[in-house]
Amino acid sequence: MNTAVLVTFGLSIVGAIAIALAGARAVRFSRWIALAAPAAAAWSGLSYLLGAGPGGTGGAPYIGEAVVVSVRWLSRADAGIGVGLAVDSLAAAMLIVVGVVAAMVVLFSFGYMAEDRAQARYFSLLSLFTGAMAALVTSSSLVGLFIAWEIVGACSYLLIGFWYTRKSAANAAMKAFLVTRLGDVGLLAGLAVLYHETHTLDLASVMAAVPDLAGPTVALVALLLFAGAAGKSAQFPLHVWLPDAMEGPTPVSALIHAATMVAAGVFLVARTWPIFEAAEGTRLLILAIGVITAAGASVSALLQTDIKKVLAYSTISQLGFMFAALGAGAWVAAVFHLVTHAAFKSLLFLAAGSVIHGSGTQDLREMGGLRRAMPVTSATWIVGAAALAGLPPLSGFFSKDAILEAVWHATPLAGAALFAAGAVTTCYITRATRLAFCGTFRGSARPHESGATMWLPLVVLALGAASLGAASGEFARAFGGHGGLSLPVAAASIALAVAGGLVGWRLGETGARRAQSGVAAFVAGGWGVDAAVVRLAGASVVASAALSERVDAGIIDGAVRAVERLAQGISGELEGLQSGDGRAYSGLVAIGAVLVVGLTLWLGR
Amino acid sequence: MIVVIGCAAAFAIGLYAVLTRRELIAILAGAEVMLGAANVQLVALALARGGDPAVASGFSLLVVVVAAAEAAVGLSIVVTAYRSGARSRLEEFGEVDAE
Amino acid sequence: MSLLLGFAYGLAAVGLIAGGAVIGVWWERKVAGRIQLRLGPQQLGPAGVFQMLADVPKLLFKEDIVPYGADRPTFRYAPMLVFAPIAASVAVVPFWAGWAPLDSVVGVAFFLAVPSVAVLGMLLSAWASHNTLSTIGGMRAAAQMVSYEVPRTLAVLSVVVLAGSLQPTEITGAWRWWWVPLTAVGFLVYLIASVAEMNRGPFDLPEAESELVAGYFADYSGFRWAIFMMAEYGSMIAAALFGTALFLGGPAWFAGVGGLIAYVGVACVIITAIMWAKWTFPRMRQDHLMTFCWTVLTPLALVQLLVAGAVAVWL
Amino acid sequence: MSASDITLAAAVAAMIAGAAGTALTRDVTRLVVSLGAFLLSVAAIFLIVASSLLAIAQVFVYVGGVLVLVLFALMVVHRDTDERVGLDSLHDIGAAAVAVAVFAGLVALLLPLAGTTGSQTRALPNDIGAFLLGDGVVAFEIAGVLLLVALLAVLVVVKGGEDR
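Chains as they are written, first to last, in my numbering: chain A, 2 to 606; chain B, 55 to 153; chain C, 32 to 346; chain D, 17 to 180.
A couple of the hints might just be wrong.
[Said to hold, decoys possible] Per the computed footprint, the stretches of chain D lying under chain A, defined by three or more beta-carbons under 8 Å from a beta-carbon of chain A, are: (1) 105-114; (2) 164-173.
[As the list claims (entries may be wrong)] Part of the chain A face toward chain B, derived, beta carbon under 8 Å: (3) N172; (4) R584; (5) G588; (6) A591.
Derived from the structure by calculation, the hints contain no laboratory data. The structure displayed is predicted, hence computed values, not measured ones. Cβ atoms here follow ideal geometry from the backbone N, Cα and C, with glycine treated the same way.
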């Protein structure tokens with residue numbers, strides 16, 4: 002298992018460099034390296050879970066189960082920071098998710114990116130991303146986690162802006178980078194506070210020290226960590242980057258912006274769960290934000306005309322579900338939903354990629370009737386859509402119901418909002434399904450089914466999306482929880498899903514319109530956060546500019562003028578010294594030395 | 055004690071050479087005298103104060119090596135400057151930047 | 032007491048070098064003659080052996096010319112500065128197993144460092160002659176000797192690494208027969224660099240009688256010229272003895288007088304080989320000389336040092 | 017005064033004499049000889065008080081290397097002048113005063129430091145090697161890097177001069 006983890010990193014880093022160096026000509030060969038790294042990651046996670054057996058680790062997430070490597074870094078006499086890799090059940094589960102999804106995405110990209118000229122860069126970045134993501138989930142210290150977190154963010158930036166000649170792509174990449182950076186500042190501050198309080202950033206030691214911390218400190222740390230998580234996972238005020246991130250290649254959206262990187266926020270909270278467990282108030286905030294995000298984004302998804310935007314808002318909404326579960330204290334349910342969501346959402350994204358590839362458009366209004374032209378794609382899409390909608394016996398049903406149940410028990414109000422969000426989920430995905438796959442084709446191209454390298458990953462992921470639910474009991478027990486479903490919740494959820502589906506079907510029939518009216522455009526644009534940011538930023542920039550103008554003219558310029566006069570005066574006095582005569586210079590140095598020596602003697606008397 | 059005084063004297067003499075010589079190479083020679091005297095002073099003081107002779111000698115060795123490198127660079131500059139304008143005296147270098 | 036002993040050793044070294052040079056001149060003429068299908072000296076005594084006795088008074092009684100315009104004191108005493116360090120370097124040669132006239136813990140460094148002072152003498156004598164050809168020869172000698180010190184030192188270091196000591200007697204004490212194949216390349220580099228250090232053919236560019244007349248000692252005559260020649264032979268003798276001791280284990284073969292005889296015999300064979308090289312190869316060109324030093328000998332010596340270091344660590 | 021004290025005093029005297037010659041002589045060769053005497057007497061002091069390896073290194077590096085370079089540079093610079101040009105100095109009472117002041121300051125500053133508890137042991141080459149590759153390894157490595165940089169600098173300087 003240790004070897005497999007190390008092989009993952011070795012392959013990722015060597016692969017990233019090798020592919021980049023080998024260039025476009027060798028990419029037909031070198032892209033297999035990009036496929037091997039995630040396979041090794043999945044294998045390492047799987048072999049750990051099989052080796053650990055059911056119920057191998059109990060209780061809270063626990064690091065240090067199987068330390069792969071551990072080194073001291075930045076060590077000082079009294080304190081130091083270790084970095085290392087360690088695998089526990091949580092990390093293993095994440096390794097499997099990352100590995101399988103990344104492998105499928107890379108395989109899918111073989112076909113999807115076949116025509117692209119910059120394939121070497123693409124596969125190189127994917128390889129690097131895989132390695133960084135594996136490092137993120139297996140890191141045994143928060144420092145290592147943070148480093149990987151930033152590398153992952155950088156990969157995301159580079160891949161969103163992959164087609165950098167398109168201005169929109171470059172802008173989207175910049176936006177994603179800046180917005181997530183906002184959260185990362187919080188994360189870094191949280192780490193600083195933690196280090197200040199506990200003098201370590203090793204996960205195991207930090208978690209052991211949490212009970213000794215003061216309540217306000219824990220709340221502060223939890224809040225700051227949550228800021229980082231919210232940035233990465235696109236939670237409510239910071240969600241604006243994710244829809245724009247769809248400018249990147251679709252497989253990238255499937256990997257980074259659906260399954261793995263955006264889920265890193267959930268992972269972070271789960272990883273540092275003891276902190277959040279101790280921070281009751283912060284949990285309430287997380288619950289609120291999660292519910293707001295889940296409900297708001299699902300409504301936004303209802304109004305999109307771009308198939309990828311639908312999925313993007315859907316991802317935000319589902320991440321909101323996970324955070325709601327975290328806020329309600331059910332981190333196991335959140336992680337389980339993370340796993341199933343990774344399966345069905347990456348499936349949906351890849352299927353969307355296949356649709357875009359086959360039909361030549363990503364506008365839902367120009368699709369339709371793809372069911373006949375693209376049988377495999379449409380079949381797998383429907384599996385994914387049903388899983389997203391939470392229909393039994395697919396995986397989404399189990400994971401979402403666990404969340405619904407937990408949240409309902411925590412706060413019925415939030416639970417009700419989540420139930421509604423679930424209904425809207427079914428509604429928008431049914432609408433999108435009908436628009437894309439039913440009826441007649443409205444576009445201009447000739448839709449066709451994609452090649453084997455593209456539909457094979459779809460089938461694999463569809464199998465996962467369909468069957469993962471069966472593992473729900475196992476999963477809950479592996480983390481010390483309990484499996485099983487609450488019948489009333491399940492029944493209510495199914496009923497709402499069916500009702501939402503019917504409405505969505507009707508919406509799909511009427512055809513899609515771009516949301517024109519005020520309210521609808523407001524909702525479709527992500528509840529006006531972008532506009533608010535622009536307005537707020539604009540106003541504050543103007544205000545601060547006015548202020549700084551005054552400061553500049555008065556204080557700074559005045560000081561500069563004073564310094565100038567002073568310097569002129571002094572240099573006028575001293576210019577005789579700069580004679581260009583080396584002898585005079587060395588003489589002055591010697592006289593200075595004499596003065597220093599004399600002063601030392603005089604003072605040391 | 056005699057070494058300390060002698061080194062101080064040699065250092066001062068080297069300084070005098072640096073201050074009064076006109077020829078660049080002679081100035082460099084004066085600087086070498088200063089360096090050598092300082093190096094001996096370093097060793098002598100370290101030993102007189104009960105330091106580890108190995109440490110003192112090791113550091114002096116490094117000083118010797120580094121000073122030699124400095125001398126090589128300085129002489130190469132002198133020779134290059136001479137070749138570029140047949141100047142070898144310090145006062146002829148007043149307008150190097152004018153080139 | 033130790034001063035007296037040192038004086039005695041110095042006298043002995045001068046005697047050794049002087050005798051060696053006298054015999055060496057005769058022997059070289061015989062060797063060169065044989066190589067060039069002629070006889071060499073043959074008129075005085077059997078095989079011309081008395082020729083070498085006749086040469087000595089000739090050199091001693093020639094007029095000692097100091098050219099007009101020369102820097103007289105420097106011109107007169109610079110040859111001593113060439114000869115003295117080379118004579119001094121003989122003091123650290125381990126003639127006997129476990130015994131050397133000057134048994135210093137840094138003997139190897141002494142042997143390498145002290146003769147480098149001779150360059151100074153060459154430069155000074157060239158400068159003092161106030162003669163363009165001499166100056167060029169002196170500069171060539173300085174460039175050549177400073178450069179070839181590098182591969183020579185590196186080559187010797189491989190033996191030092193193997194023995195773990197800078198003391199020649201300790202090195203010969205630690206010598207094992209398999210050092211010979213292991214440091215064969217190093218020995219070759221040492222030998223070539225030594226020949227270049229002593230300004231002998233095919234590396235005799237500083238003298239280059241066809242272009243520089245005789246280089247840095249062009250203006251010397253009589254016994255001052257003989258001092259330069261003795262210095263050349265002296266450094267050949269010293270290099271051969273020291274190389275035999277360090278690389279081939281010289282005094283370590285047999286105990287007693289037999290060991291000394293075998294050791295000196297092998298050194299004589301090496302000296303003969305050096306003469307052989309002089310009369311066989313044409314003189315090198317200046318740029319070839321420097322290129323050869325920096326791109327062939329130095330890397331070879333470094334590789335040798337690496338190999339020796341690896342073996343020393345592995346042991 | 018023991019014999020070693022006398023030797024030491026002689027070496028110090030030679031050192032001062034060499035330094036004075038370096039500073040005052042008007043003749044190129046005497047400058048070189050004086051500098052050589054200075055450097056050799058420094059080596060002698062090293063040999064007496066510190067370590068034979070240090071002394072040998074001083075001879076190797078300074079006398080065999082730096083001094084040769086100085087002479088070399090002098091020969092290059094004075095090559096094409098027909099008559100011997102003296103090395104003139106601008107003797108100056110101010111410079112002398114500064115030098116004397118430095119001397120006085122140094123003596124006043126350092127002499128109290130030279131306590132009487134001197135260790136009389138000398139360092140063996142092995143000890144120096146152990147130090148250089150042990151506690152002093154960072155300094156050793158930095159010196160190595162510095163040498164490399166100096167080598168490159170000389171190449172660049174000389175090359176640049178050739179191009180001009």
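Exercise for the section: Enumerate the violated hints, using their earlier numbering and listing them in ascending order. Expected result: Of the numbered hints, 2 and 3 do not hold.
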